[in-house]
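J.: Residue numbers (UniProt numbering), protein chains in the order written: chain A, 1 to 383; chain B, 1 to 383; chain C, 1 to 383; chain D, 1 to 383.
Hint data in this document are derived by calculation from the structure and do not stem from the laboratory. Treat the hints loosely; a few may be bogus.
Note: identical chains are not told apart, hence a pair may lie in one copy or across any two.
Said to hold, decoys possible - Pairs of lysine-lysine residues, derived as DSS-like cross-links and limited to a Cα-Cα distance of at most 30 Å, are as follows:
(1) Lys-192 <-> Lys-72
(2) Lys-72 <-> Lys-382
(3) Lys-159 <-> Lys-375
(4) Lys-45 <-> Lys-4
(5) Lys-4 <-> Lys-375
(6) Lys-369 <-> Lys-246
(7) Lys-72 <-> Lys-51
(8) Lys-51 <-> Lys-4
(9) Lys-382 <-> Lys-124
(10) Lys-246 <-> Lys-379
(11) Lys-175 <-> Lys-217
Owing to the predicted nature of the structure, the values given are computational and were not obtained by experimental measurement.
Number of protein chains: 4
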Amino acid sequence: MSRKIRMGMVGGGRGAFIGGVHRIAAAIDQQIELVCGAFSSNPEKSRLSGKDFFLPSDRVYGSYEEMMTKEKALPEGERMDFVSIVTPNHVHFGPAKLALENGFHVVCDKPVTFSVDEARILKKLVDETGLIFALTHNYTGYPMVKQARAMIAGGEIGKIRKVAVEYSQGWLATKVEDSDQKQASWRTDPAKSGMGGAMGDIGTHAENLAEYVTGLKITEVCAELTSFVPGRRLDDDANILLRFEKGARGVLHCSQIAVGEENSLNIRIWGETGGLEWHQMEPNTLLVKSLEDPTVRYRTGVGQLSPVAQAAQRIPAGHPEGYLEAFANIYKNFASCVRARLEETEPDELRRDFPSIDDGLRGMIFVEKVVENSKGEVKWTKL
Amino acid sequence: MSRKIRMGMVGGGRGAFIGGVHRIAAAIDQQIELVCGAFSSNPEKSRLSGKDFFLPSDRVYGSYEEMMTKEKALPEGERMDFVSIVTPNHVHFGPAKLALENGFHVVCDKPVTFSVDEARILKKLVDETGLIFALTHNYTGYPMVKQARAMIAGGEIGKIRKVAVEYSQGWLATKVEDSDQKQASWRTDPAKSGMGGAMGDIGTHAENLAEYVTGLKITEVCAELTSFVPGRRLDDDANILLRFEKGARGVLHCSQIAVGEENSLNIRIWGETGGLEWHQMEPNTLLVKSLEDPTVRYRTGVGQLSPVAQAAQRIPAGHPEGYLEAFANIYKNFASCVRARLEETEPDELRRDFPSIDDGLRGMIFVEKVVENSKGEVKWTKL
Amino acid sequence: MSRKIRMGMVGGGRGAFIGGVHRIAAAIDQQIELVCGAFSSNPEKSRLSGKDFFLPSDRVYGSYEEMMTKEKALPEGERMDFVSIVTPNHVHFGPAKLALENGFHVVCDKPVTFSVDEARILKKLVDETGLIFALTHNYTGYPMVKQARAMIAGGEIGKIRKVAVEYSQGWLATKVEDSDQKQASWRTDPAKSGMGGAMGDIGTHAENLAEYVTGLKITEVCAELTSFVPGRRLDDDANILLRFEKGARGVLHCSQIAVGEENSLNIRIWGETGGLEWHQMEPNTLLVKSLEDPTVRYRTGVGQLSPVAQAAQRIPAGHPEGYLEAFANIYKNFASCVRARLEETEPDELRRDFPSIDDGLRGMIFVEKVVENSKGEVKWTKL
Amino acid sequence: MSRKIRMGMVGGGRGAFIGGVHRIAAAIDQQIELVCGAFSSNPEKSRLSGKDFFLPSDRVYGSYEEMMTKEKALPEGERMDFVSIVTPNHVHFGPAKLALENGFHVVCDKPVTFSVDEARILKKLVDETGLIFALTHNYTGYPMVKQARAMIAGGEIGKIRKVAVEYSQGWLATKVEDSDQKQASWRTDPAKSGMGGAMGDIGTHAENLAEYVTGLKITEVCAELTSFVPGRRLDDDANILLRFEKGARGVLHCSQIAVGEENSLNIRIWGETGGLEWHQMEPNTLLVKSLEDPTVRYRTGVGQLSPVAQAAQRIPAGHPEGYLEAFANIYKNFASCVRARLEETEPDELRRDFPSIDDGLRGMIFVEKVVENSKGEVKWTKL
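Excised from the complex, chain A in its bound form:
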């Protein structure tokens, strides 16, 4: 099948942030082309955005409903293969459901939905339709995150004892939502963001990273969420004690009022015989610790890494690949799976590695339980 995979986009018009990221991520590996979009709930804005992306005007739609209907009506050689949903949280469910119901594969930004119930419905639909669904927990796209996961799965640090995961940002340290900051305003609005503020926006990334790398599920949480900025309606800070399967313990803290922090997601894991440390802002380094020997500084592209890490890298060591490339790894693997489906083959096992609807549902449950625990007097809440 000698053609690129065809993407339609929902959201991501002029002034959006994450939509642009998705378009770059989809473009990097040249396996996907943007063929259509409903880029805004404002049809005129959608139209102008489509022009920015050099799309023919008849493939730029005024609503996602219109897009689904009209694309479905196009001949197979022409219509989009999948939908990329890059709207605010409360507008994930609608287009995702409609896409699945109309036979389109889906890439969806996180958190997957506005509520746990919506996530459950989507999961059911994905299971029933067998369509491919990728959730952009993009930080697991980094080669060194994959290396960490592979090493733990291979027993290289022994049974996991402790996890410390953190996601600190400072951009919401003042009440920027009162200014004209579009990114801040919907994220701090319970009607658009959901029950979690920082929790939904970045806490779920931390949770997903911890579970992905360790291969362990979080079983109980004890949390304190805070809204530090006066007048803010959702949490902008969280400190959480974690219990994992198999007796592992941990701590997760995230914040959007951590003044001066850019995008500091980091994780450390200690097992019985070793430890791992990774920082998103220096993503091509993985520190590997052991009981008796000095720490080894694993690097993307250096030495014998796991196949899954190697497959997530494009250029030689020392040529830093960053956020966009990690994000692109989700699109790359997703596109491989879509291509395999179209060609009626099986995708390479390494390419099945991207976050799924199950990760989305877990994230929603995590937020729900953390919020519940934080409001109550009970010490531990089970997930």
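Chains B, C and D: place on chain A using the hints.
T.: This is chains B, C and D only, laid out in the frame that chain A set:
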């Protein structure tokens, strides 16, 4: 008064660790001389140790009780001025009490006593006698820690919102107490260490650092202590949510099973308008963060630091001073206060800056409440 | 003009390295589409490569000569707008000259040609035709490099005194050219690489970076080139003293036998009142030093950066952009200039910022003079 | 012999810098006591300084000549064992010569003398008398420097190919010698400092470090020295190409006008099969690089280090030891050798490891040849 201050030591004989640190710390600034000691509960070992330190045999004692009595009987121009107590935790109280009762100033290793009750008795004695009592929470001796405290006190990062403090070590990741490791064996023995394992040994340092730097007291804790190593009787890991005065929140985690960690004490504090970050293993750097500007890398000896930071530094920028120098800063300030007392003057205000019996008592209460909370089902325990 | 800019590629077929980088760099910003190529001097390999890139077979050519002729014959609405040349050094001149002669703009990998004479011919052609020529000295595409240049141009560190620039790699520490390593074999072959080995491959990047950032020309060199690996015919290591215009001094060293180094290009510049430091492997940080104050850690996306740095960034602070994005900045700016030409407008001044044929010629002269100096007994050789 | 080794000091009175460093370094390990001194050429200042150090007034001398004579006349059980010379460069030779002639061992600050001729005379005296002479090239006292040396000697990185050594400071970037800065004024005065400015002060440290770590002698230099600050009479910046024995090449650059640099001495060495990297400002880390594997971060106190590195360390990993401890290692080893001499035994082999008069002479020759080369037109000057 043209002479050095005279130190007698309790503990710290051959094979000890922290005793040697205290002797170096006392020696560095050449204001203190070791004149006598009861270096071991084993008189022969005490005698041999005294010889190592070039002491005359009549100033090497078989017990601390003997030392107190005999030194007290010496003429003022000859006898020790203060006692340095460097024994395991359960042998702090006895010599400290006796020293105070006999009119000797005291330097004591931390945690100050075995139990809260003992700490209260010592506090009463210190208050009654007016003697000088220094507790070696040595990490607050670093210039950049003092700089951080001064900046926060001066309002440079605004009202404190969040504190993340960590103390991770890996040396107890296996059951080293079963081997002949003297340092491990008493620290993991509830009869010698007290109710806290890692909590008493390093958790109190983290607590003390957080309160010293922020100037805020911890008011409530929610904790999970774990003994990961099978058969170990005390905690070797702790994850704790913190509430501070004035609405600040925080997280403290410490561990002695964090494989590959050397001595990773670090703290980050975020206020309404700025943030601070300090790592003990790179102690001459303090990162100063702000709402709009790039992070500034404060360094010992560079630019206009606070007087208290400058006073804690001996040599120019870029000539790293480390753990021993920070430890020596406690002895230096303590010795200045003792000298002022002997000379019947007032010490320089900058020299009053060392941890006191109050810090010791707070540390004991902190451990007690954390242990209590960890064992129960109550979410928050007040200090 | 609502369409993407059309790129034809020379070289970069299966098994190549830099061709893939160019394709990603061109794709990232979605302003350029690959429409044709002569991907290999082997027509069958070219054909297969074209298929990999989903090109129609009639736009995949067996030679660059064929490509130029046939593309030129296509109607304006269809034919390529520019040629991207990604072949080994000795095959830059031919296609570049032919492209210019046939009215195509050019992106060319560095070093620009095999010899200084060839570079002079190309410069003459560029000047005569007025066509747009970009040389991919990609490291100047990083936002923090542009920030450094802007700060120096703005006098923020005063008159330049000293430059230390380094480019260390270790991948040629053994005789990998004897194995089947395609990248190594042509780079160490004087018939393909030119008179410089490491000098041409990476030394020119260091030279270009130094001149770009400081705005000063190198005027004299004193060099020692070495071929450490037995049997290697070109230098794999260089140590060079530099004299710049206006009395600045410097040192440049580069190596491909620096075992364990990945791709360590870095530069430090000291002026009368400040200093700057940048490392390619941590590209989003720029250290800014001053006489009295602590060092400030400038970061991509943080605080008030220069317009040229801001224009080189796609996503917020802390979301690391790396090598491919910096490379893409050359394509982005080049594409803006091509688009302006097609639309008969003037490009934004910020978009004129990419390396030119003049940089290419300077690089060739630099290599020539360094090689000459290294072979002789004269201390200083003028450029 | 149950007593401390007795030190007399020449120089280092009130207002001095390096004298205080020597006193701390001698005090740290409690093997040495200061018993007398001629702390200043001004007798009153010497007297006051002696009082600061709690010395009896009859052991504080008005000149070093007086000190030598009077100490020699004291009974063996009382007189000093060695002299520590901490004066400016031009006052090293006089007291060193007199000390050796009177049978006293010597510790001398670097560079060893004012001229090569003086250094030759001292070497002859040391050889003839058999007295112990230590030169405080203190940077080789760091555990990780010793580890590097041991690894290279053990062949762990193969035959050395390249050395990059740097010593950058910024404190002389302006004409501070015109203010009342005592440290700056003698260092920039050819009558006190000698023929080298930065070269003598810090360039010799870099040279000594390179030769110590690699075990290779520098055989040829090609240098450019510059005095950037108008009116300064000695070099404040140097860029030097190096040739070593056995075909190794290198570059050494040092500066005292590198604005914002504190005390950045660092070295990297690449051999045929590995590489090493060490930075004085983070002295407890040694990066160990290899052909195929990721870089290993050796740390003081972690894993199986060489005996010589272990012997240079006092406290466990992660408790940073710094500049003063490294300096103290010279005194510690020197004191062990003096003690062995007094006790008529042989010192532990590990304790013979400190810089000698030979290192001093080499340093002087290095400065002389660098200055000569820099002034001439000859490319390479042999040492």
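J.: Of all the hints numbered above, which does this structure not satisfy? Sort the numbers upward.
T.: Violated hints (numbers, rising): 2, 5; every other hint is consistent with the structure.
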